[in-house]
Every structure is written in structure tokens, then in C-alpha cells.
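Chemist: Each chain, letter by letter, is given below.
Protein chains: 6
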Amino acid sequence: MAFLLDNLKEGGTIAGVLAAKNIKILKTRNDSPYLDLLLTDGKTIVAGKFWDYQGDRPKGNILYVAATIGSYNGQFQLKINYLRPAKPEEYNPRDFLPAAPVPVADLWVRWDALVNQIASPDLKALLEYAKTKYRNSFENAPGAVFHHHAYLGGCLLHSIRVAEMAAVICDLELDPDLIIAGGLLHDIGKLVSYNWSEGVFSYTDEGQFLEHTTLGILTVRELLKEVHLDRLTTLKLLHIIASHHGREEWGAPVKPKLPEALVIHQCDMIDSQVDKLRGVQNNSQGSNWEYVQGMGFVYTGD
Amino acid sequence: MAFLLDNLKEGGTIAGVLAAKNIKILKTRNDSPYLDLLLTDGKTIVAGKFWDYQGDRPKGNILYVAATIGSYNGQFQLKINYLRPAKPEEYNPRDFLPAAPVPVADLWVRWDALVNQIASPDLKALLEYAKTKYRNSFENAPGAVFHHHAYLGGCLLHSIRVAEMAAVICDLELDPDLIIAGGLLHDIGKLVSYNWSEGVFSYTDEGQFLEHTTLGILTVRELLKEVHLDRLTTLKLLHIIASHHGREEWGAPVKPKLPEALVIHQCDMIDSQVDKLRGVQNNSQGSNWEYVQGMGFVYTGD
Amino acid sequence: MAFLLDNLKEGGTIAGVLAAKNIKILKTRNDSPYLDLLLTDGKTIVAGKFWDYQGDRPKGNILYVAATIGSYNGQFQLKINYLRPAKPEEYNPRDFLPAAPVPVADLWVRWDALVNQIASPDLKALLEYAKTKYRNSFENAPGAVFHHHAYLGGCLLHSIRVAEMAAVICDLELDPDLIIAGGLLHDIGKLVSYNWSEGVFSYTDEGQFLEHTTLGILTVRELLKEVHLDRLTTLKLLHIIASHHGREEWGAPVKPKLPEALVIHQCDMIDSQVDKLRGVQNNSQGSNWEYVQGMGFVYTGD
Amino acid sequence: MAFLLDNLKEGGTIAGVLAAKNIKILKTRNDSPYLDLLLTDGKTIVAGKFWDYQGDRPKGNILYVAATIGSYNGQFQLKINYLRPAKPEEYNPRDFLPAAPVPVADLWVRWDALVNQIASPDLKALLEYAKTKYRNSFENAPGAVFHHHAYLGGCLLHSIRVAEMAAVICDLELDPDLIIAGGLLHDIGKLVSYNWSEGVFSYTDEGQFLEHTTLGILTVRELLKEVHLDRLTTLKLLHIIASHHGREEWGAPVKPKLPEALVIHQCDMIDSQVDKLRGVQNNSQGSNWEYVQGMGFVYTGD
Amino acid sequence: MAFLLDNLKEGGTIAGVLAAKNIKILKTRNDSPYLDLLLTDGKTIVAGKFWDYQGDRPKGNILYVAATIGSYNGQFQLKINYLRPAKPEEYNPRDFLPAAPVPVADLWVRWDALVNQIASPDLKALLEYAKTKYRNSFENAPGAVFHHHAYLGGCLLHSIRVAEMAAVICDLELDPDLIIAGGLLHDIGKLVSYNWSEGVFSYTDEGQFLEHTTLGILTVRELLKEVHLDRLTTLKLLHIIASHHGREEWGAPVKPKLPEALVIHQCDMIDSQVDKLRGVQNNSQGSNWEYVQGMGFVYTGD
Amino acid sequence: MAFLLDNLKEGGTIAGVLAAKNIKILKTRNDSPYLDLLLTDGKTIVAGKFWDYQGDRPKGNILYVAATIGSYNGQFQLKINYLRPAKPEEYNPRDFLPAAPVPVADLWVRWDALVNQIASPDLKALLEYAKTKYRNSFENAPGAVFHHHAYLGGCLLHSIRVAEMAAVICDLELDPDLIIAGGLLHDIGKLVSYNWSEGVFSYTDEGQFLEHTTLGILTVRELLKEVHLDRLTTLKLLHIIASHHGREEWGAPVKPKLPEALVIHQCDMIDSQVDKLRGVQNNSQGSNWEYVQGMGFVYTGD
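Residue numbers (my numbering), protein chains in the order written: chain A, 3 to 304; chain B, 3 to 304; chain C, 3 to 304; chain D, 3 to 304; chain E, 3 to 304; chain F, 3 to 304.
Some hints here could point you the wrong way.
The list makes no distinction among identical chains, and a pair is therefore deemed to hold if it is satisfied within one copy or across any two copies.
Unchecked claim - Here are the simulated lysine-lysine pairs, DSS-like style, with alpha carbons at most 25 Å apart:
1) LYS29 <-> LYS11
2) LYS51 <-> LYS11
3) LYS135 <-> LYS61
4) LYS81 <-> LYS29
5) LYS126 <-> LYS227
6) LYS45 <-> LYS29
7) LYS133 <-> LYS81
8) LYS227 <-> LYS135
9) LYS61 <-> LYS29
In short, the hints are calculated from the structure, not lab data.
Start from the sequences, fold in the hints, and give me the full structure.
Modeler: Structural data, given as C-alpha cells:
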């Protein structure tokens, strides 16, 4: 696939749709306004300047841009000559966002395989309804904005991995139905917490005001208006979502009070931390040790 | 008002309805089962023993008891001869629970006065609907099981005080509508978290599994199915409930992100802590300093 | 009001008094010393360089400067030709510092109104003596160097707000005299902790070595050599100052042990945090969410 | 199996071997010395008193006791007439300790199955040598003195479960050899930290002075004098042991720096916490919620 | 020295002055009031009951008591027949408090030796004035109510030890004058924080409201009204007192900012913790390991 | 001593051996690879670029470099023309590393003086063996990579200071042999944790995977294969190493359980923190207060 910012050459020009971040209207020392922003085609990021910019902050993040290619401090920089919000028919926001490492169709196969292990018809119906209703969101929402699974469908891939892991360790006399349903739904609030419609991953107002744990509980409660589930199973399932961060200081309104909730919390930790560490290892350039925020030094050798 | 356990005398007998706590079936050293429990008439607490007890654990906490009055270790003790679950028509569970220090009618007057300060018709309608729908629960639910406002209507009195306090400090350019609504509703989840129908205050399964913060958000979301409120005000109101504990380690899934949420959090702290400290001061017997769990020594002198 | 750094033009010259920060003597790669500093007229900040500087570090922060206006990296930069400490008659250090958002005369009216609500003649006399003795310091000292109320008189405005807030919530059976006196005096140590005589706000040695809580206690103890106050009220007032940060880990040598101390602590939290959040909201440029050190993301939308 | 303290009757006598705890020589108010201790046959615990005791503190914890059966405060109490350290041929210390819930032979089958999944001949040899050398210790050492797996072979059962769990989640591109070896050996230091030779579980001096994490590293280092393992694999294996508590504040001298170490840490958490919670659920008497030190309330209903 | 409670015999009587703790007026089950308290002669502690007590809570803690010696639950118990506050001429409160393990005269010799090492005449004068003014308090005040140096003169002994230790490690280019003065005065606030005039150690109101760190700073500030000390040395000395607890969460209003303050903090830790641990070792009865609040298990073997 | 990077002049050239850090192969905007690194002669640090670099990452950190001296952004920059790993005979890695402030011969005199104070022949033999076996490492290993004693022999100097300090405060009835041996050996794991053979101080794989506390225990355990020491003294000595960081959250697998371990922990704190603070004071340029990571502001005036 070819990208708009491939093969830039100083002095050349480009024109097309790009996603923008950090858009600011600043002033030069002669008090003349200019637009300052970062632009990406989903692969390369370059800085852009629109000198003597007279307009308001452009609406949205996806812009049609025409620019001359210059450089500053040894980096390419776009000198923008023309800019407008892109029209919906001109782009697909997914084009500016990283794809999952596995095809989404495979993910649904794994989802279905997990759901088929559930014995309770009610829980099965709940998961099928969740898939139907939120299919599109599941295929887009990332696992996090930065730290782990930060790609399209990342939340879905992570949820499936957590459920798969938790399901295979059920010999501890746990309830497998609750484990699988809890694993698949524990992060469903992220479908509402994150935004991917503007070519960059960001938090929605809902995500900022309420966080994905609370939003997940509200989402499942809504699903349960359409699907029957007995009172105690409902409480246990909502509790797994409420407690999946494990400790109050990590954002859980309650600590796990069920063995199934303990297991989902720990499997969530395994998958998110191993993914974060793998990401560091994959980006490491020859050094054996790299410092990771919140983890300290980790091994990036063989 | 006369209570069943007033004027006990060793060797006498009593018969009537009492609330029980800590009910256990134990065995004597001769392997004979007996029932061990605490009994209260809402004012006095005495230990009870039912020797050679052959039945199962009695259903519920409110029991009709016939007993001889004995003593053990300088304390009265009931030697129970007969015991059965009390019939609903024989008692009112409120009779076994401490009453609020102000008449409930006065509380509703204060509630209405606050609601009348709200300019937004939608928020006003929401609060009126909350009052109508949960009137009975508000008149019963305590502010906490032990620490503060642990009496019938305690949650209501506390919510009103928080709203009143927050309302009078509105010169900080805050939104008074949001402040009052947030103050009155921040603890509404306690109506579902606590149980008062068995003559003692205790946690419900809902309270244990989800805690009152999450339950409050779910409750308001349900109310909003019947009352209109714009998206942004809804998010802000739910955010005030979500953040009213102020910090993740104190059980808030999100920290306050609005000045109105900061104010409700701090007013909640003032009212609950001052009430706790006042309780210690009122029960203090002449000593100037008493140790309080979580607060250290506090002053109980004049 | 016109400022010296208004309307700078590359190639022009300026001469006059400016306040300096971050003064350092560095060396060029040819080992030639130069002076590197930031200069402000109380409104604009520019970098300055004095090449081939042969003198010692200039005394004080307020300097008479003659310079040519150049630029570096798209920012103005002063090429200094001449520099000496400004003479006292050439400037007023207040000119380089941000002013409070309300006239100081209005603040004293509010102070007096609060003092007039105090019933105890002794406490009243104490506050009047504090005003007389520290009038000038109160009109200058900021509430903090950076985070909140970082302007001339900021400490006074903050203290009044805390006292006003605390005074209106006195229906909790608190002692209003203690509340008002505690509110007005809780931060009096900041008059000694901060320095404003050099055109920038900074910590004094006293502030660094002892912090404003201890300094406030020492200050009130000195005031009480001239004004009578009974032993118990003295202890309670000093305790309110000692405990106003609320927790040991937040710098309080004792936790609040009086309801009045709890209230002053919480009102101090409300006013400082709401002021900090308001500051972020006022400086926000169109984005709905901004990250604040110590608070996380806060809402900066409408 | 019959136990010595089965079917006690007041006034009767017993004679035989019992394990003692909390042995103290105290004085009556008439200054006459007596021995005060708790005695168990591995099933029942009773208090014992040896009045007018003239000897020293008895050597060891396993005693031959002859006593009359009395009672105090509604509990049986042994009035001891004769007491001496039991002779080695009179008892097996295992008789006084709880047995694992699965036969030890089954555990070794599971151990062997795990070892057979290891590809590296060196790691395989290490585990076989560990089994040979520490077979007896593995069959006795508990997982902890109190909280979880507190029975004979508890450390072995726990280590196997952790390795089994970790092995089945290897699709995360982890090194299965390291995972299995790390899981089986992470707690090997407990073989040296705990004492089971006196009829009660207790800490050894080694366990108190160095803790099982350090002791585990020392133990594996000794094993590696007899079995070859390359330098990097050795470091990784020792690191898994060093970091298995996950965080410094939980007693790990280093945080996990390898994905395999993260997985062993989390699986260790799952198995120990689920076991603790299951223990509470199994001992619960009809109540739906029980308070657990370090976990808060947990669900003990169906 | 003979004590009043030596050689108690059931049925005998005693009469004399004793110190009382935990004085409460309770009611028997027949609603008859009685006085319940603990009594000590400075060596032995016994419970006392004054049945049918009609008076108010006795004034003070040191009481003249006439009683019959009974027993309860295997412990002696005084059945009090007569009780009044002791007259000042009847006792010395020191008689009821544990003595320091070294003669106080020796302590002053060590104090003087330290002061003679000080070069600065001003600091020397300050310490001599402190000795003169507070000699009596230094000879009585304990190092703490419970945990360490809980005996008459304990604060003095502890202060001397800290100064001696800190003085001998001065090869780190520290200021020895400041070190010695800081060591001797760091806990001077305890002279005001603790009460020893009632036969038991307890907190004063000053100690509760302000804690010994703040009280120490106030005390030295008062001493400095009579003795000259330059501004910077004054600030450094007060800073050593302010920071001697080392961290905010341990009650220090500022962290150490001088090397001399770091050294006093650490030497304070050494002396108080080693003293606490030694106390546990001395009271240990044959067991090798004992649990200490805040320290965990410590070694109490040889 | 003359250094290669003394007296640089723009346009000049240099050739010789330098130590390199932060070596990266990057790409220019024209996709042409270049080597980017920092180079030091042990005194000066300069950036270097090798444009159009076609090779692999150079082996090791010590490089023979030929370069033209240019400048960028007011700093010298080396434009490298030729580069290869230096040959062992061309340099001594110590030349690139800062030297200790005292001659190493003096350190061994102090070491011997301490060892001569030890009464136990076994402990004495252990320390002499440690000196013999690790003499070279002790003369090179730093106390830390950055924060304190970051120079050749820094670990040795620090260990001696800790032992000297601890030895002079032995009047607290401590065991002086254990104190001296513990002080000298507490950081012996740093000999294996740090690397100084590449002209920069860095962590070894051993240091990253196991940290110096665990490595110190392993090292002493190895030494004890050659030197006899009784079981209890061995445990106490290893415990001093295990607990010398004082608290789990500071990296100690066990808290101090012996008074000797408490003393070594606190003396370690004194020496490392005073050294860190002294380093800040020595590098301070005229300002009275500087901010130090982990300590806050410290005094850097006179």
C-alpha cells in the first residue's frame, strides 16, 4: 500500500488527505498568526506550518492539505498553502491508524469458539447480542491509546486473549461460563471510552468523565435489557468488570471478591504487560536493556 | 417509648420480638449443639444462648424470643426457651434501628428548598422524580453501616448537608445547578448498597459486589430514562458521582475533573468526618483525647 | 500601562529596568565567558545574552539593561551591551509581578467583615494586630510560587476565601470565632516563606528551611506576646495552622484533631484546587481536556 | 484414623504423644511456677497446664503427656501429671500436620509430565536433580505457614499448579522451557524456609533471616554446581525466582524484566489468592460474605 | 526499695498511695455504680473495684487507697473500701515511674562533655541555658510514652546518645557544632509534649495539638530570646529539629536539606530503633523470634 | 594530565581513543545511514556524527576515532572520518572514568585497620580472603552508576566509611565483629553488578537480573566455601547484606531483624545521602538551593 508521505523530497509538493494532531494557532514574533500542527498518513509523521493563517481552528482532525516540502533542523516540514476539512467520501479514518497483527475475521472465529464453550444459554445469548450490536466498535477500538494493543481491534484481541488464558486454567474449580463471559466483556467500556473516527486514537468525553470500568458496567446493563440473566449471575458479571483493575489505587471501585474476578484481573495484567514489554522488545535497537515507564528496565536481548 | 429489654432482672422472663446479630450454631464440650447470638430491642444489646438447640439456623434476623434472664461474667444473658422468626405483622424493622436526630419531614423541606434553587427545569425534574421514586428508601438508608450517619435517613441528611454546604460557597463561579444536584445525588447508590429490613444495618449483595459509587451511577442512569437531560450535563452529573471519593485509592474510579466535582468531594469529606468526630465527642466520658480508627487521636474536651 | 518589552522589533534597541531569572555565567566553545539569563517586564519574557561578559554574577535580580534586539530560533533575543543592578529609585518590584484579580482595598473590606463576625474580643484584637503589623506583606505575598494564587496579594485573597467559605458552613455546631480566625491566619507563614522583593516570586531561606506551616505557628506565637489569648484557644488556633495540610504526607506535622481544623483543611483544599483548575481552564486554547500535574486530565470545555 | 484427643470426657485421662505450641513457664499468684501450653493431635487443639512444674522448658515440641481431663470456661483443659520429650520411635511429625488434598504420588506424575515438556536437556536435568535431591522436602514443605496451601506438600502442589497454568498460556511467544522450570522452582526456597519436623509448621532461622526468595536463588545456584546450564539461561531462571513477588514492596529484590517472569509472578498470584479465597469459602458457615485480612470482604455464597 | 504491692496475699489489706489508670465509672447489672481502675506502685499493676461508688470521678491519678485483697480469674484484685486524691506531701510522682538505666548525674557529665566540644560560644551558651532552664524537665521526660526510652530521663539519655553518635562520625566534613547542638536539642519539644506529674506517662494537650517537633522549634526560639545566635545558624538549628523525622509521612514538616540534618535524622533512627529492639530482646522468654509492631519479626536469640 | 579533547578548535582535527555512549545508527531525511554517538576522553563530552556510515554497530565502547572538529547549536561536534574498536594495548579503561578522591593505597590501610579490630579469626580470614580475591574489582567498582560515589573504587570507599561509622558507635552493646564485617561486605555485590571495562560505568546483566543485594549474598556464600564460619554467624552476616536497604519498598528482601543490621542500614543511608548532597553542593554555582531528584531542595550555600 502506498502512503501520501512516502518518498518526500525537499522542494516537492503534496496534496491529499492527512490526519492532524496538536493543532495550535500561534503567532510569529511579528505578531502574525500561523497554524502549527503534526500531520500523518498513518505511517509517517511530519510537522506542518501554515504561515499567515487567517482562519479559525479547522474542524475535525482529518484535513485535505496542499503543501510544499521544506525542512527544518534536519527534518522534513510541510509549508502548507491550502487546507480544509476532508469530506467523508475522501477518506476512511482507519487508513490513518495502525492495524491489528491478526486479521479481524480470525478474531471472530476465536470469539465464537470461546462463546461455544459456554454452557448457560443466557450468557451465550448475551455475548452473541454484544457481538451483533458492537461488531463495528469491537473491530476498531484499541486496547489503549498508547501503552498496549494500541491498534484497530486491539481491545477485541486483548479481550479474547484474556478469556482464552482464563479459560484454560479452569481446573481450579472456577465457573467457566463466568470466566469466559467476564474475559470477553471486561473491557467492553473501551468501545465507548476511545475515539478512532478522527484518524488518531483519543479519549472520548465519556471516557474522560467516567472511565472504561464504569462505562463497561453501564454497557452490559443496557445489553441486559434485551437478554435475560438471573440476578446473581448479573451481579457476578458486573463485579468482574468493576474489579478487573484489581486494586482501588489502580482504578477499581471494588477489589475482586470472587475467584473468577481474581483470575480475570490477573490474566488482564499478564496480557497487557506482556504486550507492552513485547512492544519495547520489538522496537529495541540492539541494546539489551531498555527503560519502560512504570516497569523499570526490561530485557530486550535475545 | 418502652423497650422489651428495659428493666431486666436476673431470674425474670421476657417474651417478644428482638433483632439478632452474629447468629451461630456451636457445640458444647459434650458435643451438644446450642444457638449463640446477640439480641437487641434497638436500645439494649444482650447475649443469648439456646441450649440443646436442634433446629437449623433461624430464617432472617428478627425473631420472636421467650427467655429466662440469667447472667454471665457480670452481664445479663438470656437463656432462650423458645424462638421462631417473627411474623411481619409483629414488628417494624425500623423499631430496632437508631432514628435520625431531625424529623424526616424537616429533611424534605430542606430538600425542596434546595431543589427550588435549581434553574434548569430538567435537573429539577430529575430530583423530583428521584424523591418520588425513592422516598421510602431515602427515609431509611443510613449514611454508613458504622462510621457516620449510621441511623435511619442518615444518607438523606448527609446528602442534604453536602448540597447545602456546597451551595453556599458558589461564589467561586461554579454552576449552582450542578452543585446542588450533585450534592443531593452523590450517595444515591447507598439506597441500594445498604439493607435495613432486618433490624440491623448491613451491606446488600449489590453493595458488596459493586459499591455505592457504581450503584449510584446506574441508579441515575435509570432515572434518566424517564427524565430528559442533555448529554453534557448527564456526563458531568455522573462524573460528580463517580469522583466523589476524590482519589482512586479511596475508591473513586476517576479523580474529580470539574471544579463542581472537587467541591462535592470536599464537602462530602467535611460532613462525614465532622459527623464521625462529633459522634466520638458525644460518646466520650470525661477524657480529653480519644483514639479514632483512621483519624488518630481527636480532641473530646470542651 | 506600557511595558518596556512591548512592540519589540528586530534590530531595534531598548534600555531600562527588567527583572532577571535563571542568571548563569557560561562559556562559549572558544572559552569566552558570557552571561545567560531571562528578562521580564512583568508581561513579556525574553532571553538575553551578554557576550564576552567579564564581571561577576550581578547582584540582585532587578537590572538596568541596554540591549540590541536580535532573534534566535524564531524568538526575540536581547544582545546586551550594558547591565548594572537597578537603583531602588528606578523601579518598584511589584511592577514585575502579576496583580491580584481584585483590588486590595476590597480584600481588606472583606477581611474586616469577617473579623466583625468574631465574638471574642481577644481573637478580634489578634486579627486586627495581624493586619496592622503585616499589612504590607499581606498585600504582596502570593498564595504559591506557581500553582495557585501566584500573584501579589494571593495569600490574602486565598485566606479570606477560605475563611468566608468556612464561616458559611457553621451550622455544623462549630465554633465560628475559631473558624474565621483559623481561616484568616492558616497561611500567615507564607508572608515569611516567599520573597517578592526581586521582581520574581521565590522561596526565602526561612521558607526552605522551615516551610510556611511552622513559620505560621512561630508568627502567631509572636503576635500573641502583644495580644492576650487564653491557653486553650491558643492551642486550638495553633493546631489549626499545624494541621491545615490535613495529612503528614502532605506536610502537616499533625492531622486535624478538631472539627474546626478539619473544616479549614478541606476549605483550603477547595480554594487552592479550584483556583488551580480555573487557571488551567482560562489558559486553555480550545481543547476540552488538559493534563495538570498532580490532578491528571481536567475538563477545560464549557 | 483415630486421634488421641477424640472423645474427651471430663474427669477421664489420656496418655500419649501430642505436639505442643506456645509453651511458656508462668507463675501463679502464689509465685508457684506452672507450664502453660497448647496441645494438638493434628486434629483437635486443647489447652494444658502442668501445675507446680519444676523443670526447664521441655526440649522440642513433640511431647509424651499423661493428663487428667478438666475444663475451664466451657472448654476442655488438660491437667498434666507427667510430661517428657517424645522419643523419635514414638511418633511421626507428619501425623500432627494436615495432609495435602491430593496424593503425593499424583503430584510427582504431574511434575514429570511438566518436565517432559521441556526441550532443553540441561533444564530437564536440573529439574530431575532437584526432584532427586529434595524429594523428601518437597513432600513435606507447606506453601505457607497459614494463608494458603498450609499442608504437607503444599509447596509442591502450588509449584506444579503455577507451572501448569503458565505452560498452557504459552501462545504469547514465551519460552516454554523457562516458564515450566521457573514455575516448578520459583518457591524452592520454601523447602529451607519452613520447618515441619516438630509437629507444627514454623519458620526456620534461615527463613527468618533470608526469606524464601533469596534461599531459592541460593538453592538453585547449588544445584547448578552439579548440572550444566548456560550463563544466560541461569541468569533468567534466577531472575524468575528473584522477581516472583512482582514488586519491591511485596518482597521482590527486583521487578520482573522478562515476559516469562511476569507470567510466573501473575500465576503465583492467581494460585495463592484463589487457594486462600477457596479456604475461606470452605470454612464459611452459611454467611454470604466474610472478611479476609488483606483481601477485604469476599463472597462465600454459592 | 519496698513497694506497696509487694507480697500481696488474698484476704489481706493494704493502705497507701498508688497511681491509677483507665479510671471509669461503670454500672453493675443491678444498675449500681462502681469505680473500675488499674492501680500501680511503679512496679506491680493490679485491677481495683470500688463497689457502690457514689462519688464523682476522682481528681488526678494519684490516689490514697485502702482495700481488701481479693482475686478474680487467677489474678489479684483490690476491693477498695476508701479512696481520696493523695496529698502532694504524701508522694513523689517519680516513684510510680520507671527509672533510667544510668544515673542522671552521669548523663549531665556526658552532656557537659559534648557541650565542651562545641567551638561556637553562642551555641555553647544556648546549650548551657537550655540545661539550666529545663534541668528538671530533662531529668523526668521520657523518650516516648511506650516504644523506646519510656523511663524518667529517657529523652535526655536518647538526646545524648544521638549527639554522641553523630559527633564521632564527623569526618564527613560536617559542622560538629551544629551536629552536637542539633543532637542534644532535636527532641527538646518532648519536655512539653509528655506529662509525668501524675504517676503515669501521657501526652499533654500541647503534645496532642502540636507534636514535639513543632514544640521543639517554639522552645528553642524562646531560648534564643535570651541567647544570641546568628540568623543562618538559627535557621539551620531549627531546620535540624524540623526535619529530624526525615520524611513528611513520618511527621517531619520538611525533609532534611543539610548534611547535618540527614545525620541527626539517621542517628535518631538508630538509637530509637535499637533501643526498641533491645527492649524486645530483654523481655523475650526463650523464643528466638518475636513480632514487633512496625518492625515485623526480630531476632531475640543469642 | 592532558586529555584528547582539551583545547578543541573549530576546523581542527583529532585522532585517538575515546569512550562512546548512546551509540545509534540513524537515517537522514534522504534515507542515508549515519552513526550518532557521544564521545568522552574522561573529562570532556562531545557529540559525534559519522555521515554515510555503512558498517554495523561498532563492537565495544572504546573506539579509535579520527574526526574533524565542527560545531552545532553553539557546541562542538565531531565529524567522524574514521572509526574502529580500539585495541587493548591502545588504552586503559580507567582513563575514561573519574578517580576516587583518596588514593586507593590509603583505602586498603583503612580496610586493614578495620579488619584488625575484628576478634573472630574466622571473620578476619573471610575479609582477608575477600580482599585477596576481589582486590582488583574493589579498586574499580563504583558506589553507583550516577547518584553517589560514582568513581573508581567508590564501592570500596563507601564500604569502608560505613564500617568505620558503624564501628565507632558500638557502645550500644552491639557485636563489633559483625558490624565491621557487615559494613565492609554489605555492598560486595556491586563488584558484580557494575561494569567499568568499557570506559563508562554501566550495569552488567547480572546486576540487572539479580541486583547487588542478591549478588552480594551469592558472593559471600562462595567465599564461605573456602573459609570456615559457624552457621549462626553466617546467617547473621548474610542477613545484614539482605536487609541493608532497610525496607522492602527500597529493595530489601527482608527488613533488619538484628540491631547490627539496623545500624549498617542507617550508616549506609548516611554515607550515600551525605555523599549525594555533597556532590550537589560541590557542583552548585552560586545558588543557595538546588533541587535533587528524590531529596527535594537542598541547601548549597555556605
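Chemist: Against each hint, give a clear statement of whether it holds in the structure.
Modeler: For each hint, the structure was consulted:
In the homo-oligomer, the alpha carbons of LYS29 and LYS11 lie at most 25 Å apart only across protomers (14 Å), although the nearest pairing inside one protomer, at 28 Å, exceeds that limit. Proximity of LYS51 and LYS11 under a CA criterion of 25 Å is satisfied in both settings, with 17 Å inside one chain copy and 22 Å between copies. Taking CA atoms no more than 25 Å apart as the test, LYS135 paired with LYS61 passes in neither setting, with 29 Å inside one copy and 43 Å between copies. Proximity of LYS81 to LYS29 under the C-alpha cut-off of 25 Å is found in both arrangements, the shortest distances being 16 Å within a copy and 22 Å between copies.
Only within a single protomer do LYS126 and LYS227 lie at most 25 Å apart by alpha-carbon distance; the minimum there is 15 Å, versus 27 Å between protomers. For the identical chains of this complex, LYS45 and LYS29 are inter-copy neighbours only, at 16 Å across copies versus 29 Å inside a copy, given an alpha-carbon limit of 25 Å. For the homomeric pair LYS133 and LYS81, neither the shortest alpha-carbon distance inside one copy (45 Å) nor that between copies (59 Å) is at most 25 Å. In this homomeric assembly, LYS227 and LYS135 come within 25 Å of each other (Cα to Cα) both inside a single copy, at 13 Å, and across copies, at 20 Å.
Taking identical chains as interchangeable, the C-alpha atoms of LYS61 and LYS29 lie at most 25 Å apart only when both belong to the same chain, with a minimum of 20 Å there against 35 Å between chains.
When the structure is compared with the earlier hints, violations turn up for hints 3, 7 and for no others.
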